[in-house]
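Residue numbers (the numbering used here), protein chains in the order written: chain A, 1 to 352; chain B, 1 to 352; chain C, 1 to 352; chain D, 1 to 352.
Don't take each hint at face value.
One copy or two, either will do: identical chains are not told apart, so a pair holds if it fits within one copy or between any two.
As the list claims (entries may be wrong) - Derived EDC-like pairs: lysine to aspartate or glutamate, alpha-carbon spacing no greater than 16 Å straight-line: (1) K284 - E44; (2) K277 - E54; (3) K40 - E283; (4) K41 - E283; (5) K41 - D106; (6) K40 - D59.
Keep in mind that the hints were calculated from the coordinates and are not lab data. Note that this is a predicted model, so its numbers are computed, not measured.
4 protein chains.
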Amino acid sequence: MIRVGIIGSTGYAGGELVRLLMNHRKAEILWYGSRSYIDKKYSEVYQNMFRIVEDICRDDDLEKLADQVDVIFTATPQGFLAGLLTEEILSKVKIVDLSADYRIKDVSIYEKWYGIEHKSPQFIPEAVYGLCEINRGLIDAKTRLVANPGCYTTCSILTAYPMVREGLIDTDTLIVDAKSGTSGAGRGAKLPNLFCEVNENMKAYGVASHRHTPEIEEQLGYAGDCKVTISFTPHLVPMNRGILVTEYASLRRKGDGTLPSYEEIKAVYDKYYASEKFVRVLEKGVCPETKWVEGSNYVDINFVIDERTGRIIMMGALDNLVKGAAGQAVQNMNLLFGLKESEGLEFVPCFP
Amino acid sequence: MIRVGIIGSTGYAGGELVRLLMNHRKAEILWYGSRSYIDKKYSEVYQNMFRIVEDICRDDDLEKLADQVDVIFTATPQGFLAGLLTEEILSKVKIVDLSADYRIKDVSIYEKWYGIEHKSPQFIPEAVYGLCEINRGLIDAKTRLVANPGCYTTCSILTAYPMVREGLIDTDTLIVDAKSGTSGAGRGAKLPNLFCEVNENMKAYGVASHRHTPEIEEQLGYAGDCKVTISFTPHLVPMNRGILVTEYASLRRKGDGTLPSYEEIKAVYDKYYASEKFVRVLEKGVCPETKWVEGSNYVDINFVIDERTGRIIMMGALDNLVKGAAGQAVQNMNLLFGLKESEGLEFVPCFP
Amino acid sequence: MIRVGIIGSTGYAGGELVRLLMNHRKAEILWYGSRSYIDKKYSEVYQNMFRIVEDICRDDDLEKLADQVDVIFTATPQGFLAGLLTEEILSKVKIVDLSADYRIKDVSIYEKWYGIEHKSPQFIPEAVYGLCEINRGLIDAKTRLVANPGCYTTCSILTAYPMVREGLIDTDTLIVDAKSGTSGAGRGAKLPNLFCEVNENMKAYGVASHRHTPEIEEQLGYAGDCKVTISFTPHLVPMNRGILVTEYASLRRKGDGTLPSYEEIKAVYDKYYASEKFVRVLEKGVCPETKWVEGSNYVDINFVIDERTGRIIMMGALDNLVKGAAGQAVQNMNLLFGLKESEGLEFVPCFP
Amino acid sequence: MIRVGIIGSTGYAGGELVRLLMNHRKAEILWYGSRSYIDKKYSEVYQNMFRIVEDICRDDDLEKLADQVDVIFTATPQGFLAGLLTEEILSKVKIVDLSADYRIKDVSIYEKWYGIEHKSPQFIPEAVYGLCEINRGLIDAKTRLVANPGCYTTCSILTAYPMVREGLIDTDTLIVDAKSGTSGAGRGAKLPNLFCEVNENMKAYGVASHRHTPEIEEQLGYAGDCKVTISFTPHLVPMNRGILVTEYASLRRKGDGTLPSYEEIKAVYDKYYASEKFVRVLEKGVCPETKWVEGSNYVDINFVIDERTGRIIMMGALDNLVKGAAGQAVQNMNLLFGLKESEGLEFVPCFP
């Protein structure tokens with residue numbers, strides 16, 4: 001039984017981790033960390049857990065926790081883990097960090113986009129970017145620190161990855177228009193997240209400045225072995241869960257000046273995803289919908305070739321709290337401990 | 001492995017049955033019946049099942065199906081099963097009927113409220129009303145026909161049951177004000193169920209005439225060993241899933257003229273529900289919320305004593321597609337085949 | 001031109017007052033009071049007012065304001081106005097108070113239900129309860145202080161008023177099950193009002209203890225000339241606007257033991273409401289829906305007689321921010337200044 | 001008093017026309033055309049109009065109607081008006097067509113994108129494309145036929161118009177990612193528009209093939225005096241009303257190789273819109289939100305310059321049923337009859 005500690009267990013991502021681990025046969029949560037609710041029963045914070053979780057919330061003492069568990073999930077604000085992580089902690093316990101602290105290899109980019117100083121850049125090199133479908137070969141029993149990807153990021157990268165990897169699009173033209181449900185904004189009591197402000201409303205935010213931008217650029221840069229600079233625009237949508245990305249890029253024409261065909265591009269997607277359990281490339285003409293993946297670890301992807309503009313429109317959908325956060329974190333945990341990668345994640349999406 | 005056939009697998013309740021059975025380790029669906037989508041891939045009707053269910057939809061031939069499976073779930077319109085059921089079918093296969101056809105023992109009441117003639121009343125006596133928490137003793141390997149309770153009904157009955165059973169309320173004063181998410185209205189393409197008609201809207205319907213009324217009355221009548229006549233008012237709420245009932249009744253005063261105390265009533269609820277896995281009587285002062293049971297088989301219940309009026313206000317919440325339909329059907333199946341009652345139903349509620 | 005000051009102009013009710021008064025031809029807002037946003041542009045708080053309102057928010061100095069305007073609307077927390085009101089202020093300006101401070105004649109009841117001491121009970125006697133359809137005769141140029149009714153209250157009272165007034169129901173059996181959109185919870189940044197907590201959710205709250213209860217009881221007591229004690233249960237619904245009440249009461253039987261007929265009761269409703277512009281008694285069999293009155297000052301009402309239980313089920317719907325708050329306040333202002341009662345309120349409901 | 005007839009008065013756009021015209025002081029509706037509800041009371045179809053509209057629905061006899069009214073609004077399916085329009089009708093009555101029949105000057109493009117033959121192309125040349133802010137100079141008492149723009153189109157064009165007109169962007173790079181509330185899908189009883197299918201869901205549709213594409217291209221082509229080919233992707237959002245567009249284009253660099261500054265671009269927007277009542281260019285840094293224009297005829301617009309990519313991200317928001325359909329139609333009517341352009345449209349947006 002893998003002993004698990006969660007720091008930040010009362011945010012939405014933390015709560016989802018708890019939900020998923022309750023159904024995981026080989027893991028057990030020993031520590032429900034929550035700075036805001038210390039000594040309160042966890043099931044009073046999340047009433048769905050009434051009579052399921054009997055524990056109380058505890059503080060966020062990483063050092064103490066490192067002695068008691070096999071893996072720590074940190075679903076904490078930016079800078080939190082970077083400020084506390086030590087070699088001693090890492091020598092005792094594995095960490096799956098759901099924050100951005102170790103996602104970006106170039107610390108100056110991290111500091112610029114996040115506007116904070118990184119307190120432990122020495123651990124960045126060893127951190128593995130835990131986008132399992134791409135980096136699973138790097139995650140095993142020897143890995144100590146996994147940087148769990150962001151929600152927008154996971155969706156944005158996986159949707160374009162095969163095209164970038166195979167050099168089929170001009171990455172300078174890549175535009176990611178992303179739409180997210182409101183749980184992505186967290187459980188903080190802020191006016192813009194009130195029901196009446198979000199419901200029956202839609203808006204863009206963080207235009208040309210959202211922090212997930214450099215993370216997408218870095219990872220797609222590795223994929224394409226080139227510098228990638230994109231436009232990324234997130235939007236807030238009146239729904240609880242779900243991210244939908246619509247990505248635009250100019251297709252590279254073939255030697256004869258024609259565009260690649262649907263079949264050729266489909267074959268490229270299949271090359272990367274046909275054997276992936278959690279990535280579903282849909283049938284021709286079917287557009288991904290967030291509802292069809294809700295509650296599950298799936299990413300649904302498809303594309304349309306626009307002959308008129310020479311562009312490809314790529315679409316991806318996932319549940320931001322599952323594949324975009326807690327589900328992927330569990331997937332990483334499974335890899336770290338040599339379990340079946342889908343252990344505890346075999347939920348069928350819930351509809352409606 | 002229990003071989004399962006579903007008639008009406010493409011309605012919302014049918015779809016939920018499929019979702020639940022995908023995670024059931026001892027059952028396997030062999031027949032996806034759907035009159036509307038014969039020969040269409042099931043996953044084209046429910047895109048969440050893409051790459052999970054490969055079968056195509058088939059017709060609703062009960063006789064043929066009876067030869068091939070161990071249990072048939074009928075999630076069909078009223079009168080459908082009553083019109084087809086035969087002794088021969090029942091001799092071959094168990095049936096869990098999610099329609100109302102065999103729920104009401106007095107056929108004249110059925111015919112009056114449903115406005116149709118019952119075509120096979122001879123099977124009514126043997127049908128067991130499958131409200132598991134109350135009737136589990138009647139459901140076992142010898143049972144052939146289970147009448148799976150309605151969604152409003154399950155919630156309404158369980159919420160008041162201990163009070164009625166123990167004679168603590170005056171059932172003549174019982175009023176059930178019920179609120180339901182829109183999946184209860186089914187997947188038919190009808191104008192009143194369009195997004196723009198339901199969203200940002202709320203209404204009562206079927207006032208003093210809803211078909212679940214006599215079902216609640218009959219079952220509470222058995223509980224209290226008396227004739228029960230209630231006011232039942234359903235309402236449509238702009239959410240996908242969830243039923244909330246608020247029930248009002250005058251408390252019977254004790255010999256000394258006082259009302260029973262909170263502790264006394266709590267003890268009564270605990271007597272019936274403390275050991276029930278799927279019924280959670282909440283802590284004092286906590287009102288049930290539909291979101292806290294979403295996606296799960298739980299019913300959350302609580303009550304408040306109103307000293308000023310001498311009434312008790314009882315509240316119950318469940319997911320209409322799970323405990324209110326498919327989940328309870330699976331619970332019944334588990335009883336029919338001697339499995340652990342919660343097999344395949346151990347989902348933790350999904351929040352948010 | 002009536003000069004208007006608003007204290008509390010940045011709450012939802014205050015914002016709605018601004019919206020309505022922008023379309024009122026005989027009133028002009030001179031003072032946008034808001035303790036939270038002093039010196040901030042009003043249109044930065046409510047972006048819908050961009051280029052429509054150029055003013056900045058000001059403090060809540062009642063005395064200063066009294067010198068500058070003809071009427072003050074106070075959309076403020078309980079106890080605020082009671083703590084500041086003086087004879088001098090009232091001698092200079094009319095006040096329409098949207099809080100509960102002067103709604104309840106018996107100050108001990110106010111203090112018990114609101115849990116605060118009333119600081120100026122001397123003004124309670126002269127305050128007129130501004131439910132215009134009932135009390136318009138008491139509101140004119142000589143009135144100084146109007147207690148604008150609560151949202152639940154307006155809907156609950158108007159729905160039952162004719163029946164109580166004519167003695168057709170047993171008020172001891174009256175139960176009000178009320179459902180409200182979330183704007184009724186105000187614009188405070190509180191966790192329970194976050195989108196993800198409210199959306200796809202429904203719950204009761206304040207069971208047997210909600211502060212609107214004594215207000216309904218007092219007013220219906222005047223109507224029926226008797227002591228009225230009710231059960232009142234509010235519920236939170238995932239929609240922005242709208243209140244729906246479902247009320248239950250036992251009908252008084254006629255001398256011959258029969259229940260009054262539909263036509264008899266309809267005639268009673270028509271007696272009180274046929275000539276009311278803002279109260280619409282619907283056609284037989286049509287249930288009120290909140291969406292059909294959204295954005296307007298209408299209250300839609302209907303009823304069903306339940307022969308089986310001898311009860312009447314009465315239903316009412318209104319927009320909590322209009323007829324339940326700001327619209328009624330404007331209606332009162334119109335009466336105070338001798339304008340046409342519907343001036344500035346002739347909005348047609350907005351659908352969908 | 002302008003006498004008005006509406007063909008298609010029971011769709012959502014038709015219903016909105018009725019709502020707006022009820023508050024228009026110089027127009028009166030004489031004919032509520034609705035093929036689906038002939039002889040039914042209009043207020044039974046739209047219960048919000050109870051006691052406001054007493055008329056019954058009538059057929060769609062254009063010829064008869066032409067004799068009785070001054071202007072006909074046709075809120076009808078594609079091809080309907082084109083199939084019936086005659087010189088005789090146009091000689092008697094003005095027509096504002098909310099369908100696409102006369103929007104596109106090149107009939108072959110119309111026939112290709114709409115997949116139907118155009119039955120009266122002879123009237124296309126005289127039809128004025130009624131985007132008032134751009135073409136108001138072409139609409140006056142002599143105009144007989146106005147092609148009222150589409151909802152996506154109005155928003156997409158107005159958002160980019162100043163940039164295209166002034167040649168500041170490379171139109172070959174223009175991408176329009178549009179998001180719409182569900183009322184845009186109409187009131188037809190279709191499964192994909194059911195509450196449970198739309199709620200908590202988001203998807204793209206009509207990718208690279210939506211019919212509003214050529215309309216946007218044609219109008220922006222006139223603006224820029226060049227051939228414009230764009231990528232246009234509509235999305236369905238779980239809200240009733242509102243369109244948000246996010247548009248991406250590469251900025252043309254200045255002679256010195258630098259990008260235009262915020263102030264330079266703001267000046268361009270102001271040049272076109274500073275004196276427009278219904279177009280609001282927001283303050284720097286404020287992103288348009290659909291909720292802030294709901295129920296009104298406003299379009300809110302803003303932009304962000306992305307120095308990293310050299311792109312401008314332009315955003316626009318409107319209410320698809322008002323400025324995107326009925327409001328603009330009324331605005332056109334006002335121009336046709338020499339009224340103040342904003343007559344009957346001075347609604348303040350409704351929030352929340």
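Hints and how they fare:
1. K284 - E44: Answer is between: at 12 Å across copies they meet the 16 Å cutoff, but 46 Å inside does not.
2. K277 - E54: Between. Shortest inter-copy distance 15 Å satisfies the 16 Å Cα cut-off; intra-copy 33 Å does not.
3. K40 - E283: between (48 Å within a copy, 14 Å between copies)
4. K41 - E283: between (46 Å within a copy, 12 Å between copies)
5. K41 - D106: Close neither inside one copy (40 Å) nor across copies (41 Å); limit 16 Å.
6. K40 - D59: within (11 Å within a copy, 39 Å between copies)
Hint compliance for this structure: hint 5 alone is broken.
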